Amino acid sequence: MKRHHPIVRITHWVNAIALTIMIGSGLRIFNAYPAFARRGETFCCNPWEGKEIPDNLTFGGWLGGARNWHFAMMWVLVVNGLVYLAFIYLHGEWKDLVPRRGVFHDSIEMVKFYLTVRKDHPRQGKHNALQRMAYFAMPIVAIAAVVTGVAIWKPVELSPLTTLLGGYAFARYWHFLAMVALVILTLGHIFMVFTVDPYSIPSMITGGYREDLSPEARNARPFVHLLPNSGRSHTSSTPPRR
Amino acid sequence: MKRSPTHLAEQLGIDRRRFLAASGSGLSALLLAACNSQGPEAAQSLLKFAERKNESLERVLFRHTSIDTPPAGAKIAGSQFPSYFVSKEVPVWDEAARGVWRLEVGGMVNKPLQLSLADLASLPRTGYKLDHFCVEGWTAVATRTGVRLSDIAKLAGVQPGAQYVDFQSFDDDYHESWDIDSAMHPQTLIVYAQDGHYLNPSWGAPARVYSPTKLGYKNTKYLTKILFMPLRNGGYWSDKGYEWYGGV
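Quick mapping for you: the protein sequence lines, in order, are chains A and B. In terms of this note's numbering, the first sequence is numbered consecutively and its last residue is 242. In terms of this note's numbering, the second sequence is numbered consecutively and its last residue is 490.
Hints are computed from structural coordinates only; laboratory data are not their basis. Keep in mind that this is a model prediction, so the values were computed, not measured. Glycine is no exception: its CB is placed at the ideal position from the N, C-alpha and C atoms. Hints are supplied without guarantee of correctness; some may be wrong.
Okay, the calculated bits of chain B under chain A, using three or more residues with CB under 8 Å as the criterion [said to hold, decoys possible]: (1) 295 to 305; (2) 375 to 382; (3) 477 to 490.
Make a model of the complete structure from these sequences and hints.
See the structure below:
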């Protein structure tokens, strides 16, 4: 069966490329002045004021190159994001992504399962409760990144927005924190894909997905029951592991 | 009726999965081959295209009424205000060799001007506490005192066809050209004093252009000439790859 609509698959990979370039070029821009304080002042909330990001995590070569990439790729990110959000709204996919009632309780059950406090994989639909929260948070954090980005792009022409965010230095700080949140969500996502559900990778390329290989069917937690026939509790003839 | 396969991959007998894998690795090989530290060469024209579109949008966003006001509590940077120039040493106007410094106002004007520092100081004085937005991402607050460029433009009688202004300096070949709208913004000043004192050489003496609507590098220091023009002529940093518009 098809798990992901072509529009979801295309926007996913366009986003992966655009976000990578936005983060890399953004870090290069940050390195030109790796601090938040106004000249002659101190900044309350960054213990690493003045500390640069390692060069090999940056993209664009120099400040001007990075800015040109950042201000071009932002349109790809925004348009792609709008296409994705419009599609999942119109096509109903949002129902699989918006947290349901009891999502916190369900998330705790998932965490218990991953920590082996609980033996059997909680029942789930297309996504488990942790995924729902992460995939719901992603566009919200992305919107925050865009809004804070606009505020530091045009702090004079759009000064009400910049002021609303606490002024230029704080808007730049929120922009940085939004990036950090996007990186954490993305790394968590990639880690879980490879250690829990690598069988979902083809589903984001061709759309096809085998439900009998889902993490729930394999009773899979990170690195555990990765192989197709391990830990199967619902379809195998042997009794489920306690 | 059975349709004959028309898709290229089907004709070649490649299934979709293999096709995607092959095109994926082809794409990354292409990227690596054409990539320097600034990204793929082929992308440069796309980046230029995006810069032009961004400029159009920035010109739409531009308002003569959007005024920069630093927060009341913002500290004046004072001695912490960075000094910047492109010459090997701090550019200082050599009066013995070059005569008395005068700011030339020319190009598409009815009445070209030669303004000495005393002339500038005798024109209507405007001062603001202003943010300075550097392309590098830092900001600094300073009190800028000088003459509105729009006042000087009135004095010189700028002709209607002048769409651009070039700000030239004696800091080697440093110059930057602007759109006329930004140049006529009420906070665009020909500054001769900072924080209550005449500019010192490390801050651009005798005079510089300053506007909070432009990034720092657009604001030429060590001014010699203001040239009203029908066309833009780039700039020191704009030619090196920073965006020409540099709006804030």
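Each hint, compared with the structure:
no.: 1; hint: 295 to 305; verdict: holds (count 6)
no.: 2; hint: 375 to 382; verdict: holds (count 8)
no.: 3; hint: 477 to 490; verdict: holds (count 7)
Checked against the numbered hints above, the structure violates none of them.
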